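Q: Residue-level listing of the chains:
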Amino acid sequence: MTLAAKKILVLYAHPSQERSEINTPLFKATQLQPNVTAVDLYGEYPTFRINIDKEQQRLRDHDIVVFMFPLYWYSTPAILKEWQDLVLEYNFAYGTKGKTLCGKTFLCALSAGGSESAYQHDGYNHFTLRELLRPLEQMANLTGMSFLAPFALFCARSASEENRVDTHVQKWVRTLRALSEDRLDIELAQSLEKLNGHLDQLIQDH
Amino acid sequence: MTAYFIQAFIYLCAAVIAVPIAKRLGLGSVLGYLMAGVVIGPIIGLVGAETNTLQHFAEFGVVMMLFLVGLELEPRMLWDMRNKLIGLGGLQVGLSTLVVMGIALSFDYGWTIALTVGMIFSLSSTAIVLQTFNEKNLTKTEGGKNAFSVLLFQDIAVIPMLAFIPLLALPELVEKAQSVASSAAEHHEELSLVAGLPGWAYGIVVLMAIASVVVGGHYLSRPLFRYVASSGLREIFTATALMLVIGIAALMSLVGLSPALGTFLAGVVLANSEFRHELESNIEPFKGLLLGLFFITVGAGINFDVLISNIGPVMAMTAGIILIKALVLLALAFIFKIRGSDRWLFALSLAQAGEFGFVLLSYTVQNHVISTELAQLLSLVVAISMFLTPGLFILFDKVILPRYEKTENTREPDDIDEKGTVIIAGVGRFGQIVNRLLVTNGVKTVVLDHEVQQIENLRKINTKSYYGDATQPDLLHTAGIEQAKMLVVAIDNPERAVALVEYIKHTHPHVIVMARAFDRRHLYRLRNAGADFMVSETFHSALNLGKHALIRLGVHPFKAEQQRATFYETETTHKDTLYEAWKQFTEDDKYLVHYRDMFIQLEETLSAAMKDERYRSYSKAERSWTPPPKENHTEFSKAESD
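Chains as they are written, first to last, in the working numbering: chain R, 1 to 206; chain X, 1001 to 1642.
Simulated from the structure, these hints should not be mistaken for laboratory data. On a predicted model such as this, the values are computed, not experimentally measured, just so you know. Please note: incorrect hints may appear among the correct ones.
Said to hold, decoys possible - With a straight-line Cα cutoff of 30 Å, these simulated DSBU-like cross-link-like pairs (lysine-lysine) come out:
hint, chain 1, residue 1, chain 2, residue 2
1, X, Lys1084, X, Lys1145
2, X, Lys1398, X, Lys1485
3, X, Lys1559, R, Lys81
4, X, Lys1464, X, Lys1145
5, R, Lys54, X, Lys1547
6, X, Lys1485, R, Lys28
7, X, Lys1630, R, Lys97
8, R, Lys54, X, Lys1559
9, R, Lys54, X, Lys1630
To be verified - Reference excerpt, derived from the structure (chain X facing chain R, CB under 7 Å, subset only):
hint, residue
10, Ala1565
11, Ser1624
12, Trp1625
13, Pro1628
A virtual CB, placed ideally from N, CA and C, is assigned to each residue, including glycine.
So here's chain X without its partners, still in its complex pose (with noise of 0.2 Å):
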């Protein structure tokens, strides 16, 4: 146990280190991570072999990723995208390989080896570009997207690729491991649904497996999360989430296929759920954290020895794949009109190798299809590329895009009438009136609230909203407040309201915040917090509702709404006056005067100003339409006459 506590203890401070100095620094965390795995393991020492252990566990953070890749993917988004993957990734693969098993032939090598080694460096590194892409907001351009497509289309293929490996066995290194362990083989043996079973029987299982992801994602998916979701306890929700992810890898790997596959897929089977933002907010941490440690493992794996006494083909390796990569997808991009800085940037982004490499290397070696010798110095050159990967994003963030700016910047903007999205904190009675108005006019709105049963209401209206708690930074996050314009507060909790809007001043100060108040003293409280605009919910009716009493007492309609005009811009004329004196109260006597005392104090001031008021008002609102005294009726010629 203490063992545990000690490495644990390592691998996080390394973390805590590193990782920051190297965001300072603009390298990106992913750089980060792989310092503090090389500081802690080739260099100091301190962890060693627990390293290849740690490294699957922390490939689940993969899974992970892609699950919440998937969650931004709806369906239609899939299929619409449907050619740029198998067209541009299976471009990008199948040129990388022959390329590399080009360069491979020529030093010698069988043509398996050669192929088995193009395969490896086909792939990129999912984990490395997506993280960036996230950090450096390069998700939604031209060339983040393409480069999406194009590792998703080499996620899918692994799946093909390892069952293609043990096909290129070399029959003198299988002789020789059956001759040193025979025994051993068993215990290679993993747990396996589909093991011994013939082809038709395989295809059925697997089929079989997919189908119950998606139909269970789709049907049964929001039962559990709304029975879950029901019971008010937030833990219970994140070990769903959990549960769900890791049962669906569990799935995928009894059945032999990949489980960042399955979890992909059930991850966009869950897209359009109202569950999604709940969902990604409560698997993020753990994927951060996961791929993070996954990093680490990589820079605590590269073996120096092996490094130092090869340096020389290593780099020049290293480098022609990264080349090599670079040149075909530049020649992909050129092809598929991929244009201006979009294209460097899906040259450069996806140039390196991936970590499926490590897992495609193990897998060779236990199949015999490589020597250990040769997948050592390939695995020292997979992790080199991977560590080059930030450098070549601060090459196209520090060179290229510069250039490309002047060009890009004078023309035309494109998408200026996009509207920002705002986000709207609880859609109960008050927040649903706003959502619909907002979304008659073609404002883009996110609606969040935490009563599922009122999720389930909307939906039923085809308005698209998500379960969770507004007041959740993760949440907000999910739901898209960095680039949101707007911020509509309209959450059931007084206290919680005012936290909220303090909050998104305080760490996105870009967002305007309107919010709903319960009282004055809530009005104050709001204002004091930073919101923009802010309404007394029962204001307006009320003051609607004392117009049409004048009314039904008699008064001419149109003078009832004269008067109740008159009546509200009279209060807003002292709000400033009001919420200064509230200010004043509340700091002078913060914890001596009881609030209804001072409640009292501020309506007396205000009733005192609208005394003040009365004869002017009233005098306004008769001064209006009014004609010329009767006696100059005659002498002056004025168009209205009484």
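Pulled out of the complex, with its shape left as it was, chain R reads as follows (with noise of 0.2 Å):
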């Protein structure tokens, strides 16, 4: 328990924060967690100019890599896929000499306007999110990092309505501190469909 604790870098992408309800109060709480490196990337790169030396250094800094964003489309908004376009390079991510991301972590934190029974197979989406987000699940592949289940949010339209933000942010504060500081069944995670329901399997309390 005394081992230096991992260190996060969460990558947060969403391009109208003024409107959002969720991803907004998660990424503040999350600016706040020790051992985080929070990036707003729309903020930092609001005309996709991209600091590709700057982003791998970042690579190179963190154990564990974060993709946090509402889902667009089945998949992320655009500036993430720029971000994986230019950052991760041949003989930097892949290739013969490309094991910079070798043994890292790698999850999403998204939020899905539909009900988790819409992401199912007799359900209107008819794929689950954990197959949906198959591309960044060969990425990880790809690049040799182990990937978790998505931290999810379904019904996102309603849940501030509702009062479950809150709750969500707590849970995902939860989960960085137990990454953080390695409390969280790694192996267990990357069987999941989803990281958020199953926390007091995954995580080890001190």
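Using the supplied hints, reconstruct the complex from the two chains, each of which is provided in its own coordinate frame.
A: Right, here's the structure in full:
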């Protein structure tokens, strides 16, 4: 337990933050956590001119990488895709000499408008959330990172009215702490459909 | 002539010494002027007989103040406050008059005298209260706004009072006066347009005078100011402003109305005018000095002999008046639901008697309503109650406000979403675009320009803008630089732009300054002056044209955009180095190196940096969205392929 804390890099992508009800409070709570670097990608690169060197250095400096975003058309907002296209270069993230990300951990913290039952094979979205995130899972595989199940909030449009935001934020903070202190069962986390809802089994308390 | 110089010097000297001391002690400038008056008048005896004449002259400061107050009040706002004006103001004047009258009756004065005394003491001091509100930034508070509507009602109420007082004349005093000097009566006749007119004709003349102020102010003032402003002579604009105020005051006196009311009306009419801020900044210094003079004469006019022989009654009456007025005001504040510290501000600020009390007193003596001896006593009460007003404000600041601050701070802040005002200096090609972007995003802007034509064009397309030289501190003050969050400097003159940035950063460091630069050298000078953000006016448009040139030459639009951005980023990464180099040059060889030589050297530094960067920046542009090498294509299943 006295091992050095793991460092977490949270890459946050939300193009209309003034309308955000879930992601903004989630990001604000994230910024306050120790051992977490929280980056507002749209804030730092409003014209999409991503600084490749700076972003690669950030990846080198952290052990856990998080994409935090609202689900747009079953995928990330555009800037996260741009980030992947520019930063995950050949011989940096993949290729014979590209081992930088090997051994790190990757996960998504996202919100989705549809209900959990819609993201089922018999629901109107036809695929589960985890299935829809396969391109990211494969990105993690190719770069040698462990892909954890997503930390997801469904029915996000009504969460604020139903007072679900605070508990969601608290659970996220608990997850971040456990990740940083290495108290989260990585193997179990890899096998689940989503992280939240199973935090008691996943996290070893002190 | 010599005597005038000496007197003027004494008055100014007293003000110069006393006011800063009073201000530093937290007493406010009004008390400073009053004390200066007391010192040079009754205590040292340097001035004496002329104070009465001077006071009439200084009352013109009150007239100017009401003109400025009117300028701040758009007709719409005045209409919106009609309920408070009549309800709150009417009740205050009515109730205070009745209570004071009742007490006077109980002392066996006749009802006419009692009523007159009641009216005199129902009025408060517009001059002291508004000046203090301004100094203490209380004008916009709930208590301040309510106090203002009461003061406004009082100023209006003076007119019917002046009409009413002659009807209360005491027969025995009239007889006495007639036997003493029957011929002197003609001497009192003032120049008047309405003397001897029957009631209906008088009414028509008064209405015509008011109509001419409103209509003239609305339709004639603009062409006049435009004509004067286009001459570009600042002092002629000042002369025009003074002419306007004095002319209206003269017209109102001629028809027997209060000059203060007339100029107030003119101010309201001009409140929407583009010349509003320039007018304010021109009249303001005159108003300040005349009001100061007015307060000095109040101090100097205190008759110590009468005061000492009647110290008991005068003090008791003063305390009684302040107490009665404060209680009436508190009750009204309760009825009109003015809450918290504002209730106390409202009650304490208006508890004194006012300068119109002096006016009414001299008028009642002229009209034989009360005796000279009583008038002298009463004017002491008015003066001392005015003298005590700063004390009441101190009581409010030190005792009452701290009590409420704790409870009020815990309340939810309610106007947090109000964005600070942005002042845009210069609204030509550049400032105009900045203004449009800010306004469409709901930011409140105040736009200033010294080109009348420019302002006119903007007003045609419904952009609120004001005529005036933005580098004048007075104009910036009236435009609200103290409360502003940001200043955009987009004026045409590079030298004055730098001076303006320097001045603002020196006097109002809280204001964020965004500046337009003409070229690199100007940009560095603006930065050196303390601007928070600068941009060269041609830089981005030139880069944009360059990008489109690349596109027309066959470069793919997306690629051309990346090249433009890379160029811009290279420049940006070197901006600090170049600025430091510029500073070094100007500090070392301020007078030796010719500016052109210096900039040739600077350009060399930059191009060396660009060459150095070339490999890296091109490789960076090459690097983005690069596919993996062809030979590895099958080995790695990266999503993209070329």
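Q: Please write out, lowest number first, the hints stated earlier that are contradicted by the structure.
A: none
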